[in-house]
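K.L.:
So the sequences go chain by chain: C and B.
Mind the numbering: the first sequence is residues 1 to 323 in my numbering, read in order.
Mind the numbering: the second sequence is residues 1 to 193 in my numbering, read in order.
If you are wondering where the hints come from, they were derived from the structure by calculation, not from laboratory data.
These numbers come from a predicted model, not from an experiment.
Incorrect hints may have been included.
Stated by the list, open to error - Not the full set, but computed from the structure, chain C residues with beta-carbon under 10 angstroms of chain B: (1) ASN4; (2) ILE17; (3) ALA37; (4) ASP38; (5) VAL42; (6) ALA50; (7) TYR54; (8) LEU130; (9) LEU250; (10) VAL283; (11) ALA297.
A virtual CB, placed ideally from N, CA and C, is assigned to each residue, including glycine.
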Amino acid sequence: MRENAETIDAAAAQWVIRIDRRLTESERAALEEWLGADPRRVGALARAQAGWVYMDRAQVYRAAGELRESRTARRWRMAIPWASAAAVLVAVATALWAWQGYSRTHFATARGEIRKLNLEDGTRVTLDTLSRLSVRYGSATRLVSLEAGEALFEVAKDAGRPFIVQAGNVRVRAVGTAFVVDRRSDASVDVIVTHGTVDVWREASSPEPAVRVDAHKRLVTTPVQAAQPAELTAAQLAGAVAWENGVIDLNGRTIQEAAAEFNRYNARTIVIRDPALGSQTVVGQFQTTDPVAFVTAAAAMLDARVRTDGDRLILESGPTAQK
Amino acid sequence: MPAISTARAQWLAIHIIPLEPQLRRWLKRAAPHSLEADDLIQEAYAKLAGLPTISNITHPKAYLYQTVKRLILDHIRRSKLVSIEAMAEVAQPAVLEESLTPERILSGRQELERLYRAIARLPTKCRSVFLMRKFDDMPQKAIAAQLRVSENTVEKWMVRALRMILEDLKTTETDFDIRAGRDRVADGAKRDA
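Hey, can you work out the whole structure from these sequences and the hints?
P.N.:
This is the structure we're talking about:
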């Protein structure tokens, strides 16, 4: 088991005081042995010795009579909580922004755009980058077709009119709930439920029973089979809807997958020259609009470098440019 | 002194010890959570102590941060699953420099006040032996004789004094006072973030 920093610091302080009164021969040998076992011990001793020397500065307070008695305690005044004022402003700005783009039947987002829509029944839709959506509200159903990309639906309750999302031949029905439908891949439709319950089925020549998906679960439907819903951890769930706030959550994805994710949002594309560089898995969060921050970090991590070529950010082997 | 020379200890005392609070704040924000600030700082001191010469270091602060960043990168490269987000912070020196607002850098006077308070907070016995040793320049043996206690006891009190002061040197005045009201610690962390 690894010795913790505190234990090392305690021993180092002890050594400094012993050194101050002079070590015996056997202590000297013991110290050498102690130091040899872990470089952190050398560091801790150096720090403690430096601290010991640093304290000589206190000799300025030679009129130390005061020091010998006193224990000072100063009042700490809390900083004014400006932060809450800022939060209100942000909330208002967001509400105004979300209010725009009302009551159109077709919606599409450009690369990098994440758009919030308020539908007439109070349902809120967040449309991810490069996505297309059409809305048809009738008296018996609320029908939404996701033609491309990914969307988060926060469905207003209306028991008389079920809310149904079409994604290819996959159908997702909700009464009052929040969920993500992702059909970025041609091969599958990904449904992630954040609140409530939805039913998922495929439109096929023969009727198919619906699969019920509860909150915090995910269902991947392929042309072959609608699998069983899989449980998501809180972190996975948060990661799956992070894009709603303009964040890419690299929850254990590889650099290669992460680069593909950034490329969905940005005209500046990340190219990974050497496949070996792309295989490392990472965690972390980045702004969807900041591929440079990501690729710089990746380069630093992999001891690789970034070359800019027009709109391309090329990650390739080679020493990192040290600034 | 064995281990490191007095000259090196002085150099560390003048140039590195005062940077610790800001370095720790930066580590809290920028280093992966799996890495302990205390471990990294010990490793950094080990590197600085082990340098054959320090005469070529013209900017100790930049050198310290560069050393710590290399240590972090080494750790990250060795680990399987890493926070690349933290990496972004480590990879960009410019951001780092901007984050050091003037009030975070202690002036010489503030440093003295900080040390003064650290000494003032020591338990009475620890403070007495510490002041006798450092201010009155008495050897430990003489202190023991005057206080009529064993040399071992003097050693124990001095170790305790040194440990407490080293602990205080990790933080700045602001951090101290927050610690005095422990319930405010979380707010302090938020403000630092």
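K.L.:
It remains to establish, for every hint, whether it holds in the given structure.
P.N.:
Going through the hints against the structure:
At about 8 angstroms, the closest approach between the beta carbon of ASN4 of chain C and any beta carbon in chain B falls short of 10 angstroms, and the interface hint on this residue holds. Checking ILE17 of chain C against chain B: minimum C-beta separation of about 5 angstroms stays under 10 angstroms; hint holds. Annotation: interface hint on ALA37 of chain C violated; nearest CB of chain B at approximately 12 angstroms, more than 10 angstroms. Taking 10 angstroms as the C-beta cut-off, the interface hint given for ASP38 of chain C holds, the closest approach to chain B being about 9 angstroms.
A hinted interface residue such as VAL42 of chain C counts as satisfied when its beta carbon comes closer than 10 angstroms to some beta carbon of chain B; here the least separation is about 4 angstroms, so the hint holds. The criterion of a C-beta within 10 angstroms of any C-beta in chain B is met by ALA50 of chain C, whose closest approach is roughly 3 angstroms, and the hint holds. Checking TYR54 of chain C against chain B: minimum C-beta separation of about 4 angstroms stays under 10 angstroms; hint holds. For LEU130 of chain C, the shortest C-beta to C-beta distance to chain B is roughly 24 angstroms, which exceeds 10 angstroms, and the interface hint is violated.
Hint status for LEU250 of chain C: holds, given a least beta-carbon distance of 6 angstroms to chain B, under 10 angstroms. The interface hint given for VAL283 of chain C holds, since its Cβ lies 5 angstroms from the closest Cβ of chain B, which is under the 10 angstroms cut-off. Taking 10 angstroms as the C-beta contact cut-off toward chain B, the hint placing ALA297 of chain C at the interface holds, the least distance being around 4 angstroms.
In terms of the numbered hints stated before, the structure departs from hints 3, 8, listed from lowest to highest.
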